[in-house]
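Chemist: Just so you know, the protein sequences line up as chains A and B, in that order. Just add 42 to wherever you are in the first sequence, counting from 1, and you've got the working numbering. Just add 413 to wherever you are in the second sequence, counting from 1, and you've got the working numbering.
Do not rely on the hints blindly, as some may be mistaken.
[Unchecked claim] Below 25 Å or equal to it, Euclidean Cα-Cα: the simulated BS3-like pairs (lysine-lysine) are:
| id | chain 1 | residue 1 | chain 2 | residue 2 |
| --- | --- | --- | --- | --- |
| 1 | A | Lys-95 | A | Lys-82 |
| 2 | A | Lys-51 | B | Lys-492 |
| 3 | A | Lys-82 | B | Lys-455 |
| 4 | A | Lys-95 | B | Lys-455 |
| 5 | B | Lys-514 | A | Lys-60 |
| 6 | B | Lys-415 | A | Lys-64 |
| 7 | A | Lys-61 | A | Lys-51 |
[Stated by the list, open to error] Label-pair restraints from in silico Cβ distances:
| id | chain 1 | residue 1 | chain 2 | residue 2 | range |
| --- | --- | --- | --- | --- | --- |
| 8 | A | Met-69 | B | Arg-454 | 21 to 27 Å |
| 9 | B | Ser-481 | A | His-68 | 36 to 42 Å |
| 10 | B | Asp-452 | A | His-68 | 32 to 38 Å |
| 11 | B | Pro-421 | A | Glu-45 | 29 to 35 Å |
| 12 | A | Asn-99 | B | Asn-435 | 30 to 36 Å |
| 13 | B | Asn-440 | A | Ser-107 | 40 to 46 Å |
| 14 | B | His-526 | A | Ala-122 | 41 to 47 Å |
| 15 | A | Thr-47 | B | Ser-481 | 36 to 42 Å |
Since the hints were derived computationally from the structure, they do not count as laboratory data. Every residue, glycine too, gets a C-beta built ideally from N, C-alpha and C.
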Amino acid sequence: DTEVTQTPKHLVMGMTNKKSLKCEQHMGHRAMYWYKQKAKKPPELMFVYSYEKLSINESVPSRFSPECPNSSLLNLHLHALQPEDSALYLCASSQGAQERKEAFFGQGTRLTVV
Amino acid sequence: RKEVEQDPGPFNVPEGATVAFNCTYSNSASQSFFWYRQDCRKEPKLLMSVYSSGNEDGRFTAQLNRASQYISLLIRDSKLSDSATYLCVVNLLPGGTSYGKLTFGQGTILTVHP
């Protein structure tokens, strides 16, 4: 089972709203990732959690706030977003102990900020 | 210089054709390499890992040249279902870390026509 589940699949939010994206995996992976993908562009790394600790923050604006409540769950809290933040948000996980670090992606949340 | 560079294409080939994609990476400390495919409005899916000795999976062959920092993917006997964006992905972190920093090339669009 190489499944990463993301909810919701689609989200429309206003610039003053607060919302959260959720990601879950039950593969025992200890590294989890948030990526952002704009249309016709490749995914760009936002955050990496390893063993539930934030390991990489790619200078992401503070209106995006990640959280890793446990080894299976990863959240992305959104507040005061801008229309240019509209994108596909992808969660991924990888088996931290292995050298290769291939990541498995969820289906993504398609976010529209209005 | 971008960390991972790909020929963006697009490639338009007839069914049955052989097509090759190339990719270069800038960080010589990179330890692991992958090809992902992404269908329109879907998440990236791991196509294959790339090993130093080269590896094959059915109609797909991947090669790695560490000295030239060059990765390739060869698709033989193209099928209509191979139409997708092919993403070259490099883990920029050296081995030994418990997580990866997967960085994507800009992707190569392939269209296979009847």
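Chemist: Each hint needs a verdict: does it hold in this structure or not?
Modeler: Hint by hint, here is what the structure shows:
1. Lys-95(A) <-> Lys-82(A): Violated, because 31 Å separates the two Cα atoms, which is more than 25 Å.
2. Lys-51(A) <-> Lys-492(B): violated, 30 Å
3. Lys-82(A) <-> Lys-455(B): Given that 25 Å is the threshold and the Cα spacing comes to 12 Å, the pair holds.
4. Lys-95(A) <-> Lys-455(B): violated, 28 Å
5. Lys-514(B) <-> Lys-60(A): Measuring from Cα to Cα gives roughly 28 Å; hence the hint is violated.
6. Lys-415(B) <-> Lys-64(A): With Cα atoms ~31 Å apart, Lys-415(B) and Lys-64(A) exceed 25 Å; violated.
7. Lys-61(A) <-> Lys-51(A): The hint holds at about 13 Å.
8. Met-69(A) <-> Arg-454(B): 21 to 27 Å: For Arg-454(B) against Met-69(A), whose Cβ atoms are near 24 Å apart, the range 21 to 27 Å holds.
9. Ser-481(B) <-> His-68(A): 36 to 42 Å: At 40 Å between Cβs, range holds.
10. Asp-452(B) <-> His-68(A): 32 to 38 Å: Cβ of Asp-452(B) to Cβ of His-68(A): about 24 Å, so the range 32 to 38 Å is violated.
11. Pro-421(B) <-> Glu-45(A): 29 to 35 Å: For Glu-45(A) against Pro-421(B), whose Cβ atoms are near 30 Å apart, the range 29 to 35 Å holds.
12. Asn-99(A) <-> Asn-435(B): 30 to 36 Å: With a Cβ separation near 32 Å, Asn-99(A) and Asn-435(B) satisfy 30 to 36 Å, so the hint holds.
13. Asn-440(B) <-> Ser-107(A): 40 to 46 Å: This hint is violated: roughly 29 Å between Cβ atoms.
14. His-526(B) <-> Ala-122(A): 41 to 47 Å: holds, 46 Å
15. Thr-47(A) <-> Ser-481(B): 36 to 42 Å: holds, 39 Å
Hint violations for this structure: numbers 1, 2, 4, 5, 6, 10 and 13, all remaining hints satisfied.
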